[in-house]
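Taking full-length UniProt numbering, the leading residue of the sequence shown gets 1, the next gets one more, and so forth.
Just so you know, these hints were derived from the structure itself, not from any lab.
Computed from a predicted model, the values in this text were never measured in an experiment.
Any given hint could turn out to be false.
[Unchecked claim] Label-pair ranges, simulated between beta-carbon atoms:
| id | residue 1 | residue 2 | range |
| --- | --- | --- | --- |
| 1 | 287 | 111 | 28 to 34 Å |
| 2 | 17 | 63 | 47 to 53 Å |
| 3 | 118 | 313 | 26 to 32 Å |
| 4 | 261 | 111 | 38 to 44 Å |
| 5 | 267 | 27 | 49 to 55 Å |
| 6 | 12 | 190 | 39 to 45 Å |
| 7 | 210 | 12 | 41 to 47 Å |
| 8 | 86 | 16 | 45 to 51 Å |
| 9 | 277 | 12 | 23 to 29 Å |
| 10 | 267 | 20 | 41 to 47 Å |
| 11 | 207 | 91 | 56 to 62 Å |
| 12 | 324 | 70 | 29 to 35 Å |
Ideal placement from N, C-alpha and C gives every residue a C-beta, glycine not left out.
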Amino acid sequence: MPTTTRQWLLNGHPRGRGIEIDNDFRLVEAELPDPGQGEMLLKTHYLGFDPAQKGWMENIADYVAPMNIGDVMRGSGIAEVVASNGGRFAVGDMVFGTTGWTEYLVTDGKELTRVETELSPTAVLSVLGTTGLTAYCGLFKVGKPVAGDTVLVSGAAGATGSIVGQLAKIAGCRVVGIAGGKDKCDWLVREAGYDAAIDYKAGGVKEQIRELCPRGVDVIYDNVGGKILNDMLACIATGARVVICGGISRYETGSLPAGPENYFNLVFRRGTMAGFIVLDWASEFPGIRKRLEGFVKGGSLKYQEDIQHGFENAPQTLQRLFTGQNRGKQMLKL
Numbered sequence: 001m002p003t004t005t006r007q008w009l010l011n012g013h014p015r016g017r018g019i020e021i022d023n024d025f026r027l028v029e030a031e032l033p034d035p036g037q038g039e040m041l042l043k044t045h046y047l048g049f050d051p052a053q054k055g056w057m058e059n060i061a062d063y064v065a066p067m068n069i070g071d072v073m074r075g076s077g078i079a080e081v082v083a084s085n086g087g088r089f090a091v092g093d094m095v096f097g098t099t100g101w102t103e104y105l106v107t108d109g110k111e112l113t114r115v116e117t118e119l120s121p122t123a124v125l126s127v128l129g130t131t132g133l134t135a136y137c138g139l140f141k142v143g144k145p146v147a148g149d150t151v152l153v154s155g156a157a158g159a160t161g162s163i164v165g166q167l168a169k170i171a172g173c174r175v176v177g178i179a180g181g182k183d184k185c186d187w188l189v190r191e192a193g194y195d196a197a198i199d200y201k202a203g204g205v206k207e208q209i210r211e212l213c214p215r216g217v218d219v220i221y222d223n224v225g226g227k228i229l230n231d232m233l234a235c236i237a238t239g240a241r242v243v244i245c246g247g248i249s250r251y252e253t254g255s256l257p258a259g260p261e262n263y264f265n266l267v268f269r270r271g272t273m274a275g276f277i278v279l280d281w282a283s284e285f286p287g288i289r290k291r292l293e294g295f296v297k298g299g300s301l302k303y304q305e306d307i308q309h310g311f312e313n314a315p316q317t318l319q320r321l322f323t324g325q326n327r328g329k330q331m332l333k334l
């Protein structure tokens, strides 16, 4: 059994700037305690990455505990139970949940879930994990689409956005996505089944939305914020529902995005705008995971995973989310 483990610690709060991979993290070797009664020793096999992690580093997000300099970097993972002292899971079980950026950890496992899926085990961090759950809950619990609605998704080629659009198609909606670059837009239409895609890098986003959504947009699912959200709000239909999931446009600045200039269109169109935290529906996660797995097995839901390699590359892997390099759910295989 190992007596030490490598860990990445938080070494900076990147407020008002992008992440500095050489300064904001520190790689250390730490002692591993023996598992106490009810505890287990876990070996991490995969780490998952989400844009929200930068907000955790900045201590902007108040729905999770603040992070202090010297804390093990918070994050999700898939781990194997290698020793147990009367713990919840058996030796050899694969589990997932919040592990942190560490090669080994000792835990009581109360926040972890056994991996039980017929898909690749990594699916529990992507389509069956927070990514898929966020897409499902944001769309159906907040957006409430009905067949025939027009659904517009920003950040549509991202891990969450690509699933949102496919779920909307399953619900009988017409779906338009906004993404950066021709390759991503082509993938959305060709593989993810979007009806149309807008390349925001080509400009004229508002004009393209109006052309592709002539009756207006019934449901907006926003992962970007900023000017993109403003352009989308200019094109809403009467009774539109606007779902605020993320704000990738603000992660480089560190400040929260300015309020959209077009928010008063919600009054003119009798629309609503709501944010959400997916943890509010945690009691429903097992059933939602089964539903998502059924869609994948039935061929109506595709998902992408971008898997990097090597524990020493964890900071660079997180950075990929903010430079547009990742395709689908960003992960790291240790």
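Exercise. Within 38 to 44 Å or not, the Cβ separation of residue 261 and residue 111?
Worked result: Given about 41 Å between the Cβ atoms, the range holds.
For this session: Using the beta carbons of residue 17 and residue 63, state whether their distance is inside 47 to 53 Å or not.
Result: Violated - the Cβ-Cβ distance for residue 17 and residue 63, about 23 Å, lies outside 47 to 53 Å.
Exercise. For the pair residue 324 and residue 70, does the Cβ-Cβ distance stay inside 29 to 35 Å?
Worked result: holds, 31 Å
Problem set entry | Distance restraint hint 39 to 45 Å, applied to the beta-carbon atoms of residue 12 and residue 190 | holds, 41 Å
For this session: Can you let me know if the beta-carbon spacing of residue 277 and residue 12 is within 23 to 29 Å?
Result: holds, 25 Å
Exercise. Given a hinted range of 41 to 47 Å, is it respected by the beta-carbon distance of residue 267 and residue 20?
Worked result: holds, 42 Å
Exercise. In this structure, is the beta-carbon distance linking residue 86 and residue 16 contained in 45 to 51 Å?
Worked result: holds, 47 Å
For this session: Given the range 28 to 34 Å, decide if the beta-carbon distance of residue 287 to residue 111 lies inside it.
Result: violated, 19 Å
For this session: Go ahead and decide if the range 49 to 55 Å is satisfied by the Cβ distance of residue 267 to residue 27.
Result: Check passed, 52 Å falls within 49 to 55 Å.
Exercise. Could one say that the CB atoms of residue 210 and residue 12 fall in the range 41 to 47 Å?
Worked result: At 43 Å between Cβs, range holds.
For this session: Confirm or reject the claim that residue 207 and residue 91 have a C-beta distance inside 56 to 62 Å.
Result: Hint holds: Cβ distance 60 Å, inside 56 to 62 Å.
For this session: Given the range 26 to 32 Å, decide if the beta-carbon distance of residue 118 to residue 313 lies inside it.
Result: Cβ of residue 118 to Cβ of residue 313: about 30 Å, so the range 26 to 32 Å holds.
Checked against the numbered hints given earlier, the structure breaks hints 1 and 2 and satisfies all the rest.
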